[in-house]
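Let chain H serve as the given structure and place chain E on it in line with the hints.
Number of protein chains: 2
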Amino acid sequence: MSLNEDYRSDHSHILGITPIEVVCPTTADEVKACLEKAKENRWDVVVRGAGTGMTGGAVPISKALVISMEKLNAILDIDIPNRVAVVQPGVITGYLQAEVEKQGLFYPPDPASLVICTLGGNVAENAGGPRALKYGVTRDYVLGLKGFWVDGTPFSLGGKQHKNVAGYDLISLLVGSEGTLGIITEITLKLIPLPLHSCDIQAVFKTMAEALHTLANLYTHGIFPSAAEFMDRSCLEAASLYLNKPLDTQDYRLLCQVDGFSEEDVHIQAERLLSYCKKNGALEVEIAKTPAEKSKLWEVRRCLSLALKANSLNKTSHDVVVPPASIGHFLSMLTSWSNESVQLLGYGHLGDGNIHVNILNVGLDKAEWEKIEPLLSQNVLELAVNMGGSITGEHGIGLTKKPYLHLMADSRVMELYRSIKAVFDPENRLNPGKIIN
Amino acid sequence: MSLNEDYRSDHSHILGITPIEVVCPTTADEVKACLEKAKENRWDVVVRGAGTGMTGGAVPISKALVISMEKLNAILDIDIPNRVAVVQPGVITGYLQAEVEKQGLFYPPDPASLVICTLGGNVAENAGGPRALKYGVTRDYVLGLKGFWVDGTPFSLGGKQHKNVAGYDLISLLVGSEGTLGIITEITLKLIPLPLHSCDIQAVFKTMAEALHTLANLYTHGIFPSAAEFMDRSCLEAASLYLNKPLDTQDYRLLCQVDGFSEEDVHIQAERLLSYCKKNGALEVEIAKTPAEKSKLWEVRRCLSLALKANSLNKTSHDVVVPPASIGHFLSMLTSWSNESVQLLGYGHLGDGNIHVNILNVGLDKAEWEKIEPLLSQNVLELAVNMGGSITGEHGIGLTKKPYLHLMADSRVMELYRSIKAVFDPENRLNPGKIIN
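Top to bottom, those sequences are chains H and E. For the record, in the first sequence the residue sitting at position 394 is 394 according to our numbering, with numbers rising by one throughout. For the record, in the second sequence the residue sitting at position 51 is 51 according to our numbering, with numbers rising by one throughout.
Looking at chain H on its own, in the form it has when it is part of the complex:
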């Protein structure tokens, strides 16, 4: 029974209630059997993938049967003429990507956890990643879903058809529903042609405004970066400490990727990007073409989460979204709320305004932190929403963002959410207490 303990949490590190039973089905029929057993016993049902969720979506908070999809992990079909992959929910995202890339095809969504997270989890959370800027998020790639409604009745929505406007879009409703509406056992994903070439460019600016202005210029002058990440000086300071190497920490870094179907195309885009960066005041530019060069360029960006954790007593993360043009103002507000005990900073996806905000305890005792952290979190999320943004761009609502959902959804919309949930799951047994109460 100690096994069951392992399924009480996820990457939110919230410790839920030990499951009544943990099942790792190997067939869809076994999933159906689980649901029927749960129905008979009036148990709740919580489905999980790799447990990499950041908001507690996979944490059981009632006496529940946990269905872990880890063994339902086959790529059923990579169908080249139809440009789709058909997968079971337990397939690791990065594994599918590697397999389709061998065939010259591309599945773009690239959450940070892609080497361990599962496609079922990606669907449940509507995962994104840096490439979302150019290529969209998981929802943009889901053509078909098979699975079971809460009572064990099977469903099959969409499939290998690339267009479909028949009836209300239940697929989009299920994507991002965090296991609260139905259980997914098979996913049909759209694949696109693999860009064969790419190149990474880092530009260092004196001000965030210059970096933002550069990016806005790119879009209107024939460049579509496949990623545009940023780090400000407070992030660079943390990285410098963590990596134990000097970094020019007085500046803002913009890290872009351009990709395309020919070396010539990537070269032209990269040259344009470099020239815009310089024209807009870049102090320094660096270009990376080989895997080793690219890896070096991304070292700072990649270490940030760990660096910030290492340099603080406690860390709370939010993945807010603001309209891209408001990023500068948003970050300056975070700075204004910082002091010698608490530091607020942000980094992430400059292109689509999806900012990973960190609230760091650098000097408070436990009691003080526990008092002040919720207030600061509330401030951060309210600020994003007041700027026309969102309380979450990638991580979902789960448990941790539930107290803030009302910032984005008025009472009528909350009521609609509850009614939709009741339509799919009238007894409230599918991952109860997630997204809404």
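One should not assume that every hint holds.
One copy or any two copies: either way a pair holds, since identical chains are not told apart in the list.
[What the hints assert, rightly or not] When the alpha-carbon atoms are kept at most 25 Å apart in a straight line, the in silico DSS-like pairs for lysine-lysine are as follows:
1) Lys102 - Lys279
2) Lys146 - Lys402
3) Lys134 - Lys102
4) Lys39 - Lys289
5) Lys245 - Lys39
6) Lys63 - Lys309
7) Lys71 - Lys309
Quick caveat, the hints were computed from the structure, so don't treat them as lab data.
Here is chain E on its own, set in the frame of chain H:
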């Protein structure tokens, strides 16, 4: 009152019931007032754009107040740093496209009616077009919606944020809901960088299989066409007659577009495409770079709808979808059902398998046609669904496809549709009788 007669129909040519009242609001407040008046009087409410819908979605079939969005037609904002356009629903699709292209930005969805149809209608039907192959459909570009629920309560969902996973995806649910769930008065659309260059290529093949094989090869070898249309020999015969010029009607035509951010890139893609076409047996290839050359190349494809109508006594159109690899088999089935009195043929979007099927009466009297046409329609739609496709890829369900929705949605899904409708519109007063009963 004769004005009201004009609002009884749309491009489906179904003649509905004369509206109780037709209102052309110029502000969102007037829309709200309409809804309150309708509520008071227990009238149904039917919203319409330009009335270019093909399935009767805008046809009032009960005593209803009709809200025509023709005067709510302002582009409120083209926000370059945030890469969005904010528009009222009555804005003509092609007009927005021209305006954003002046700024170097791009709104891709391109339904055939784009010079007259409205963005509100596009949202209601989730419109597509040839460019959907590379760029997706309307739903992929809707970041925010404002409007009113049936009782006049305002809503605001999403906005200028490019990512958002907070709560169930009500935006995707409203897109394609054909005015049955809520009334939209403001739309925020994602814009992307405008591809500055493009080139069209036509290849003539002996067999559909060769054309399909070519296309499947392209995707895995670094070419992403922005359109891939096909016409088979029966279409070419009709076009030859209509245009009164000889066409090589023994063959299959593939008409592709490639686009990109540099001339060099487009040139490389075009050369690759040409070489794949030749390698796969193309009898003839033609390349068009100037607007005049492009226009000549598209002449045959563009005239098809009118040509088929001109060459027949009656014409029924369906826009089915099949998995792309099944197109050849699907078309051969249509041919096998044709005879000297009734001709079935298809053309359209080869890339995404969205086929415009035409059932043509070329020799039956009215009574015979009215007997046989529904049977053939049923066969065509059943065949598409049995192949793993859809009964509609672009035109929606409206009235004309409603009898066939059950082919795609089992009784449980139909029940979910009805329950969702009831959640949003408990008195069934928003465009009643559309999509579902």
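Hint numbers not upheld by this structure, sorted from lowest to highest: 4, 5, 6 and 7
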